[in-house]
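A.B. asks: Residue numbers (my numbering), protein chains in the order written: chain A, 1 to 111; chain B, 1 to 242.
No lab work stands behind these hints: they were computed from the structure. Note that this is a predicted model, so its numbers are computed, not measured. Even glycine gets a Cβ: it sits at the ideal position worked out from N, Cα and C. One or more hints might be untrue.
[Claimed, not checked] What the simulated footprint calls covered on chain B by chain A, stretch by stretch (three residues with Cβ under 8 Å from a Cβ of chain A suffice, anywhere in the stretch; the number is not a length): (1) 49-60; (2) 110-119; (3) 135-143.
[Claimed, not checked] With a Cα cut of at most 16 Å, we get these calculated EDC-like pairs of lysine to aspartate or glutamate: (4) LYS95/A to ASP111/B; (5) LYS95/A to GLU115/B; (6) LYS82/A to ASP111/B; (7) LYS95/A to GLU98/B; (8) LYS128/B to GLU94/A.
[What the hints assert, rightly or not] Take a look, some chain B residues computed to stay more than 12 Å from chain A by CB distance: (9) LEU26; (10) ASP43; (11) PHE90; (12) ALA95; (13) VAL151; (14) ARG186; (15) GLU197.
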Amino acid sequence: MKITLVKKILADGSPCRKCAEVQERLEKEGLLDRIDETIIADERDSHSAGMQLASLYKVERAPFFMVEEEGSEPRIYTVYFKFVNEVLKQDTSEKDAAKDILDNNPDLDFL
Amino acid sequence: MSQTDLDIDRLAAEYAEQSPRAILELALDKFERIAISFSGAEDVTLIDIASKIRPDVQVFCLDTGRLHAETYRFIDRVREHYGISIDVLFPDTDAVQELVKNKGLFSFYRDGHQECCGIRKVLPLKRKLETLDAWITGQRRDQSPDTRNNVPVIQKDNAFSTADKTLVKFNPLANWSSNKVWEYIRGNDVPYNELHEKGYISIGCEPCTRPVLPGQHERMGRWWWEEATRKECGLHADNIKK
Chain A
1 MKITLVKKIL
11 ADGSPCRKCA
21 EVQERLEKEG
31 LLDRIDETII
41 ADERDSHSAG
51 MQLASLYKVE
61 RAPFFMVEEE
71 GSEPRIYTVY
81 FKFVNEVLKQ
91 DTSEKDAAKD
101 ILDNNPDLDF
111 L
Chain B
1 MSQTDLDIDR
11 LAAEYAEQSP
21 RAILELALDK
31 FERIAISFSG
41 AEDVTLIDIA
51 SKIRPDVQVF
61 CLDTGRLHAE
71 TYRFIDRVRE
81 HYGISIDVLF
91 PDTDAVQELV
101 KNKGLFSFYR
111 DGHQECCGIR
121 KVLPLKRKLE
131 TLDAWITGQR
141 RDQSPDTRNN
151 VPVIQKDNAF
161 STADKTLVKF
171 NPLANWSSNK
181 VWEYIRGNDV
191 PYNELHEKGY
201 ISIGCEPCTR
211 PVLPGQHERM
221 GRWWWEEATR
231 KECGLHADNI
241 KK
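Okay, chain A solo, but in the shape it has when bound (with noise of 0.2 Å):
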């Protein structure tokens, strides 16, 4: 299994601030080194690699993951709980997931 991530580069050039706390998760939670590979969408550059990816997979959103495994597609990941869930088996809180699901879902806001 393969697990790439990918990070946002705003148009403006400055990191984007879901992915720093995604990734900050990750190194909180002991799991960074479970990432393969990390790519960049930089929003200023249509080529590159992070944007490519999130074109080829129609992903409109960042941070993501991919996940590939021979003999299958690649499975992509926005939102990091279920990620976490059931890539790397391990559990969030309650509190974290409800978090995820609103700012991978913002239509839920209206509720």
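Starting from the known structure of chain A, fit chain B onto it as the hints suggest.
C.D. replies: Leaving out everything else, chain B in the frame of chain A:
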């Protein structure tokens, strides 16, 4: 009806231009374990239409503990008007107490609203949705140009589906504009939240909702202090050269 028997994409295409009533008829016909999520605002329209199809339609409401008094009064009025029971869901006491103890009562102005909404809305919603096969929301495309541009009338709920269960979400009002909803409310003597008479369009928790000026988008009435960072997570795919 098992969700796996339902071709969601096909139904979404077939019902894309259908009326809210037709979509609700489909939803209530296909699912027994289905409920309307009622926010205490103009999504009362859903209850009005659905109660004419199935008078004992299940309705639930997320009481965050921070709603306006007007909204609480309205929820009770709706209950009485339609003769339905409304399942009012509360957040987990320990989680709220921990948040307030650590961060105070207004942490959302400083840290963003996601943590508070996560505890007060998303977790109770998640628990409720675990008991259902489908749910019905009042989401409309015109509510937020940023986040609801592509709301389909029927969709697989990717946020709350699990590896074991596909949850289906119906958005019967997706195609209706705010004006159209209000035409319906006025034309059918549907009760409405008195906050609408005070300039509120979108109604949520009291500290995070404000009235808007004529011509302002309803989005301006919610979490207005967060506008600068709202779009940060989007990958601007339109700019990607394939």
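A.B. asks: Determine which of the earlier numbered hints do not hold for this structure and return their numbers in increasing order.
C.D. replies: Hints 1, 6, 10, 12, 13 are the ones this structure does not satisfy, whereas the remaining hints hold.
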